[in-house]
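Asks: One letter stands for each residue in the lines below.
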Amino acid sequence: MDTSAMTKKELKEYQKQLKREEAIRKIKSQEKTPFMMRLRYKYLTMYFLKKVAWAIFRFVLLVGISYVILFPYISKIASSFMSRDDFTNVMVKLIAMNPTLDTYEAIITDNRYFEALFNTTLLSVLCAVSQTLICSIVGYGFAKFKFKCKNLLFLCVIFTMIVPHETIQLSMFMKFRYFDIWGIYGGATNFFENIKFMLSEEAGGLANGYKLLEQGFIDAEIDYNFMDVLFSNPQGKIHAISNMLNSYWPFAVLSLTGLAFKNGLFIYIMRQYFNGVPDELEEAAYVDGAGVIKTFVRIIIPMAVPMMVTIFMFSFSWQWSDTFYTGLFFTSTKSAILLPNIVKIPVSLDTNYVAQSTYEAAIRNTCGILILLPLVIIYMFAQRTLIEGVERSGITG
Amino acid sequence: MNENVIEKKNTAPEVVSKPKKKKRSKSLDIQKSRMGWVFIAPFLIGFLLIYLPMIVESIRFSFSEIDIQPGGGYVLVDKGWENYSYALFEDPSFVTTLMGSLTDLAFNVPAIVIFSLFMAVLLNQKMRGRAIFRAIFFIPVIVSTGIIESIDIQNQLAQNMESTTGAEGTGGLENSGSSGAQIISAMDVRVLFSGMKIGAGLVNYVTELINGVYNIINKSGVQMLIFLAGLQSISPAIYESCYIDGASSWETFWKITFPMISPMILVNAVYTVIDSFTSQSNQIMNYISNIYTGQNGTVLATAMSWMYFLVVVLVLALVAGVLSAYVFYQRKDV
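Line by line, the protein sequences are chains A and B. According to this note's numbering, the stretch in the first sequence is residues 646 to 1042, in order. According to this note's numbering, the stretch in the second sequence is residues -4 to 329, in order.
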């Protein structure tokens, strides 16, 4: 460029441009690994390939196991939308050719679904709330207080968890059929009835009445003394405080004393958790003048809320799908119908044809889906808290 | 000279005479232990008033026989050891079912514990979709309970009843004995293998294996959660120092992770044993339930379940005793 005809300003800019081009030329001439080589050294190493292989393997494994877990439900859900003709059609495997909601409608109207839903929800919520509270209170008692026989009592808690159901099935039924505490009410009623009988006229005097009562023992050739006679029960009629079956009372009694299904586990969990809470927290509260109960209500319970939500979810879902206790205590569906009782073939569907067992199986599966659907919905909402709660539980000790 | 001597005032401290009250307050420890009884009270009341009488009555029932009176009462007739001897020596399948469920247990418990440990380690790593996988793996705990299984059993019964009238050729294929859920039936596997001329024995074995795996997966939900909780309590600083020292992940697992969650292994083993003994899809529980509804079955079922309970306690004591000798506790005072 001809520099002579430029002004000073233009000269300065020209020099700047020259310097810039010089700098760019210098940078370009430096040693730089080309793009492909960089990629090769980053992504073709053993380390990276091992990471990728592990990620793929892990993903495939997890997806496979998820499939194993979810497949039965997928097939059940798919078959619940199939209409009657689809079951005889060989081409239909998972996707229905004539999808229909008939099965759902029939079950909801015929099997009294909403009534059962309301009853079961009420029962489950009541049981779950009371079990959560009671187990927290008892767990706190086991964790933070020293008293005599604490270990023995905790062994009793574990004992209630280990004993299988069938062992006490019969005696639980009997206990709630003729509800009596240590037989005191029955014995007292027997005693007073016998005294009344002996004092009444038809016995013909006290001594005669006693001989009449004695007669049963003499006839059966059983050893007896006068206490046996006085407390005896000649007609074999059992006196009890009440008949608690076919109502919610057995559940209330069992939940409020921490004896319901797997409550031992809940007490254990809460005890482990409260063991992890530092003592200094409580002592600070005591120093500030709070009593024990006030400390518990104001400080400990808000801290234990994640764990209590976990226990609430567990006991709610176990109570919802429970068939053992509901079958034991509810001997008829007249008083209240609960969800597990709706698993029957609805009357309005005609199932008498070739693919009868498949169709009936699909109907029963649909009943199962309807039973579990509210539970799954609630689980979806609560699952984050549930999993986090167990992680923070201090079950780890 | 001694002007600065401070004159000691001869003042004795004033004795204020108050009427002395004798305070009867106990020490703080005793007060606290009294409050402990108050907290335990619900469980204690229930246990003493309801549960213990139930156990005692149940034992009494198992030694006797019940006659339900027409007036609404019942009479107990003492029969001694007859129920127990009937169950052990004369009943056709009680002992074999018991042995069967014990062998099932011996196979399932280590498999469940190992599987859930592996899954917990997998799910503990950071990856995309970890929360979804955790949610999916926990579904069987919430959902697969007595209802699904009882529906499955009804379906299988209905299908078997229909098939013996001739429609499909499933007559003769046993339902693998246990009433656990099945993901495939032997029918499907046989169709799959029919072109390859593989014998029926192998087909049955494969079916049982797959169904066994399915059972294991469905039963490891809670254990996986406990392991996850335990894994997250190991501080990452230890892992970092291992990594710096050049340990591979295999070595890290065996030298760091495995000892530190060995208490969890004990907890899970005990929980798995208890759970599989009292679950509702157990062979022998089903058997006892069927006996319960049979003729004069109620006391027989009670006697059987007491024997079963003794077996449970034995196995539990064995497992817990053996395992706790190997557990490594980090704190020295445990």
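Hints are supplied without guarantee of correctness; some may be wrong.
Distance condition first, Cα-Cα at most 25 Å in a straight line; then the derived DSS-like pairs of lysine-lysine [claimed, not checked]:
1. Lys653/A / Lys673/A
2. Lys939/A / Lys21/B
3. Lys795/A / Lys121/B
4. Lys695/A / Lys121/B
5. Lys671/A / Lys661/A
6. Lys939/A / Lys791/A
7. Lys121/B / Lys793/A
8. Lys721/A / Lys939/A
Keep in mind the hints are simulated off the structure, nothing from the lab. Since we're looking at a predicted model, the values are computed, not measured.
Asks: Measure nothing beyond the straight line between the CA atoms of Lys939/A and Lys791/A; if it is 25 Å or shorter, mark the hint as holding.
Replies: OK: Lys939/A and Lys791/A at ~19 Å, within 25 Å.
Asks: Between the alpha carbons of Lys939/A and Lys21/B, is the straight-line distance 25 Å or under?
Replies: It holds: about 20 Å lies between the C-alpha atoms, which stays within 25 Å.
Asks: Straight-line Cα separation of Lys695/A and Lys121/B no greater than 25 Å?
Replies: It holds: about 16 Å lies between the C-alpha atoms, which stays within 25 Å.
Asks: Is Lys671/A within 25 Å of Lys661/A, Cα to Cα?
Replies: Holds, because 15 Å separates the two Cα atoms, which is no more than 25 Å.
Asks: Please verify whether Lys653/A and Lys673/A have alpha carbons no more than 25 Å apart.
Replies: Outside the cut-off at roughly 31 Å; violated.
Asks: Tell me if the straight-line CA distance from Lys721/A to Lys939/A falls inside 25 Å.
Replies: The given pair, whose Cα atoms are some 51 Å apart, is violated under the 25 Å limit.
Asks: Under the criterion that the straight-line Cα-Cα distance not exceed 25 Å, is the pair Lys121/B, Lys793/A satisfied?
Replies: Measuring from Cα to Cα gives roughly 47 Å; hence the hint is violated.
Asks: Can you confirm whether the C-alpha distance between Lys795/A and Lys121/B stays at or below 25 Å?
Replies: violated, 42 Å
Hint violations for this structure: numbers 1, 3, 7 and 8, all remaining hints satisfied.
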